[in-house]
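Listed below are the residues making up each chain.
There are 2 protein chains.
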Amino acid sequence: MSLNEVYSVLLKKKKESLDLLFEFLKIPSIAAQNLGEKASTNFLERIFGEAGFNCSTFETNGFAVFTAELNTDSDKTITFYDHYDVQPVNNELWESPPFEPTIRDGKIFARGVADNKGEIICRLQAIKAYRDVFGKIPVNIKFILEGEEEIGSLNLGYFVENNKEFVLGTDLCIWEFGGKDTEGIQNIYLGVKGCLYLELKTDTIGIDVHSGRTQFVDNAAYELTWALAVLKDRNDKILVPGFYDNIPEPTEEELLIIDNFNLKEEEMKKTYGIDKIRLGLSGVELKRKFFLEPTINICGVWSGYQGLGSKTIVPHEAFAKVDCRLVPGQNAKDIVEKIRKFWDNNGFSHIEITEWDGYEAVKTLPTNPLAQAVIQTVLEVSGHDPIVWPLAGGSGPMYLFPGVPCISIGTSNSQSNAHAPNENIYIDDWIEGMKTIATLIHE
Amino acid sequence: MSLNEVYSVLLKKKKESLDLLFEFLKIPSIAAQNLGEKASTNFLERIFGEAGFNCSTFETNGFAVFTAELNTDSDKTITFYDHYDVQPVNNELWESPPFEPTIRDGKIFARGVADNKGEIICRLQAIKAYRDVFGKIPVNIKFILEGEEEIGSLNLGYFVENNKEFVLGTDLCIWEFGGKDTEGIQNIYLGVKGCLYLELKTDTIGIDVHSGRTQFVDNAAYELTWALAVLKDRNDKILVPGFYDNIPEPTEEELLIIDNFNLKEEEMKKTYGIDKIRLGLSGVELKRKFFLEPTINICGVWSGYQGLGSKTIVPHEAFAKVDCRLVPGQNAKDIVEKIRKFWDNNGFSHIEITEWDGYEAVKTLPTNPLAQAVIQTVLEVSGHDPIVWPLAGGSGPMYLFPGVPCISIGTSNSQSNAHAPNENIYIDDWIEGMKTIATLIHE
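Top line first, the protein sequences correspond to chains A and B. Following UniProt numbering, the residues of the first sequence are numbered contiguously, the last one being 443. Following UniProt numbering, the residues of the second sequence are numbered contiguously, the last one being 443.
Each hint should be verified, as a subset may be incorrect.
Just so you know, same-sequence chains aren't split out, so a pair can sit in one copy or run between any two.
Mimicking DSBU-like on lysine-lysine, the simulated pairs with C-alpha atoms at most 30 Å apart in a straight line are [stated by the list, open to error]: (1) 107 - 13; (2) 311 - 201; (3) 237 - 201; (4) 338 - 311; (5) 333 - 311; (6) 232 - 201; (7) 341 - 232; (8) 107 - 311; (9) 14 - 76; (10) 232 - 12; (11) 38 - 311.
It is worth saying that the hints were derived from the structure and are not from the lab. It should be emphasised that the depicted structure is a prediction, and the values quoted were computed from it without experimental measurement.
Bound conformation, chain A alone (with noise of 0.2 Å):
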């Protein structure tokens, strides 16, 4: 009995792995189009009782939320939170049909494949290969797989309010997404930033009004325009006060990997189209930056005429989307708390913030034994040290899993187009990704 053994049921298995994510990925399952929730939950249902598990599925006014246990009488615990919803598609733009999965030169293609199922798939054919040859997993297994990912988990907080014993009860939890980057490296994430969004409004005046008239009346665009320029200047310090109470010094190990993160300016440059780094950052100066400091961002703006020619109009209303990017110690409803305060003290209460929606940002340090248990089983499989990540870029509900230690690893590639038409996994990505599970396992 070894891993060789184990990995070597996977390869023997591959056929069955793939039949199983093809019928999986032939569910269109979009939240935001109410579709295909039933059907994703019946076959969760039907594939995990095969394999053994204890199945439920928890109800809520979306998408039910499905759960999966196997109970091995160890101590230790390991969750996997995945999710069986996709982003809606657009046919069109696709070589192939989303939901009839096709291979091409080595590659799965179709939605949801790298966003999220293919994971699910990859993990349950992990610990089945494992139980073939070893006969026994040697901790307790456990899946939560939401059917809102893609709309941001709306009943995830309800199921894990009423879920409590099971969220928490666990040693590990390994979170959704990961995978490699453009040189093959596996990117590992040991945690995610918080994120408040933001939608704003200012109706000033009853009508338009003739620019003429501009002296009388204040123009909404100009009093968002102000409202917006006050929370931060062009250093990008922000401006609300306590925006940064709270925030822990960074460690000098944290200090250390961060200092040492490979960052891949060139790269990003060439991606965005742009020759130099936003205020001439580069090296340590941007990399503290990214990881350790919280952002305010304008998603969106609009007020007034917009279309050809002249319009010479005072615009009554005006409208903004914003989102701040929030790092450990920050909390959401604090965040706008201190904003709303802010413009008050300042003339802007007619600035409405008509909606907003957050959550905490979440990590694990590298030093937990457990990460370190995680980055060398990935050194292992993959044969490179795998890029750690203290903090993605993004944001993720992994703040309703107080006290977890919440890491992301996966079978994607920095070409995968989650979210995207032709959407892809490499089918030997999947297939390292079972070994990786299977030997994370093991250790």
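Chain B: place on chain A using the hints.
Chain B alone, transformed into the frame defined by chain A:
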């Protein structure tokens, strides 16, 4: 022979005048839709020809400029500036078809009746009636009737360049607009503000970027926000160096007129749906600001995601439309150069001014004897002291008539709906307008 006899003729010929006006109003002459140029100039040629004018049609790249001249061997000349084009229509919003003039409740309803075909017929009929009674007009008369006022007088400058003697060889130009306010008092405008219209764009990144990477790229929306925010402070002080250069100090007399001007703040607040005037200003302070200070105004702004829900991106491009109302002494070209330089010096070279268009403010001092004559005439005919605006809030191409005193009087009312559905004038106001013109010629 007396003016009263002229007034009688005007009343007697009311039907002839209405028939002429209705014929004119039935021509859909919409420069924006390339409609009715030839029909209009043919019509004008006929009616001015029949009245003994020397007519001429000056071709341009757009709609022709029609001129008519009545040389009476006087050493004085009055010129009437008007236009034969009208605003586009939305038929559905009209109670009667816009190009089928209709009389209801003492008003004529038709597109262009207020702006500006009514004035053309009014002025021509007044001159004809005067000559019927007195046999001769005591001044030379000129008409300059352009066909593109509603789309920005695109070729009027070209016409003026090629007809300098005709345009500038006049003592007084009666401009196109003016009329009665809500209380039935005639408003006279002694000038117009200048205008600078800017279209702005910035394109900071090659593509929209995930907002988890906002540290690396210049957010186009934020860059434009900051660029607009630095143009003026919230007290409306414009921060562009040199913006206020060359604006002459107001004379004592000018201040007296401004300070005594009846601005009707309460009516304005009601119309605009506001509780208080911007910055809490009122009275003299507000009036001096309105008449004497230039403005910067955002007409429209847009960037990034404007749809439902959240999309977390760094927008790669952003747009705005901005107008400045200029006062006498300022020059549009000079101002756009100063804005450019200010932005260049403050790290906003990337804000492109993709288009700009502008013209200068023009005013006639109220002490000018011809202005006094017009004011006196209106008082005599209407029986009320007119309200005299030193400058209109809006702008127009009066600057093309340098050195010529240009004064606006007209026959519309505060509910005339120029540019809007159900455009109308009162027949009585129109006849009174004819009397005013006849009286002005006489004196």
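Tested hints:
Taking the shortest alpha-carbon separations for residue 107 and residue 13, only the intra-copy value of 17 Å comes in at or below 30 Å, while the best inter-copy value is 88 Å. Taking CA atoms no more than 30 Å apart as the test, residue 311 paired with residue 201 passes in both settings, with 22 Å inside one copy and 17 Å between copies. Proximity of residue 237 and residue 201 under a CA criterion of 30 Å is satisfied in both settings, with 24 Å inside one chain copy and 25 Å between copies. Only between protomers do residue 338 and residue 311 lie at most 30 Å apart by alpha-carbon distance; the minimum there is 23 Å, versus 37 Å within a single protomer.
Taking identical chains as interchangeable, the C-alpha atoms of residue 333 and residue 311 lie at most 30 Å apart only when they sit on different chains, with a minimum of 20 Å there against 40 Å within one chain. When the C-alpha separation of residue 232 and residue 201 is checked against a cutoff of 30 Å, the pair qualifies both within a copy, at 19 Å, and between copies, at 21 Å. In this homomeric assembly, residue 341 and residue 232 come within 30 Å of each other (Cα to Cα) both inside a single copy, at 15 Å, and across copies, at 24 Å. Proximity of residue 107 to residue 311 under the C-alpha cut-off of 30 Å is restricted to the inter-copy arrangement: shortest distance 29 Å between copies versus 52 Å within a copy.
In this assembly of identical chains, the alpha carbons of residue 14 and residue 76 lie at most 30 Å apart only when taken from the same copy (29 Å versus 101 Å across copies). Taking identical chains as interchangeable, the C-alpha atoms of residue 232 and residue 12 are never at most 30 Å apart, the minima being 57 Å within one chain and 71 Å between chains. For the homomeric pair residue 38 and residue 311, the shortest alpha-carbon distance between copies (28 Å) is at most 30 Å, but the shortest distance inside one copy (52 Å) is not.
Checked against the numbered hints listed earlier, the structure breaks hint 10 alone; every other hint is satisfied.
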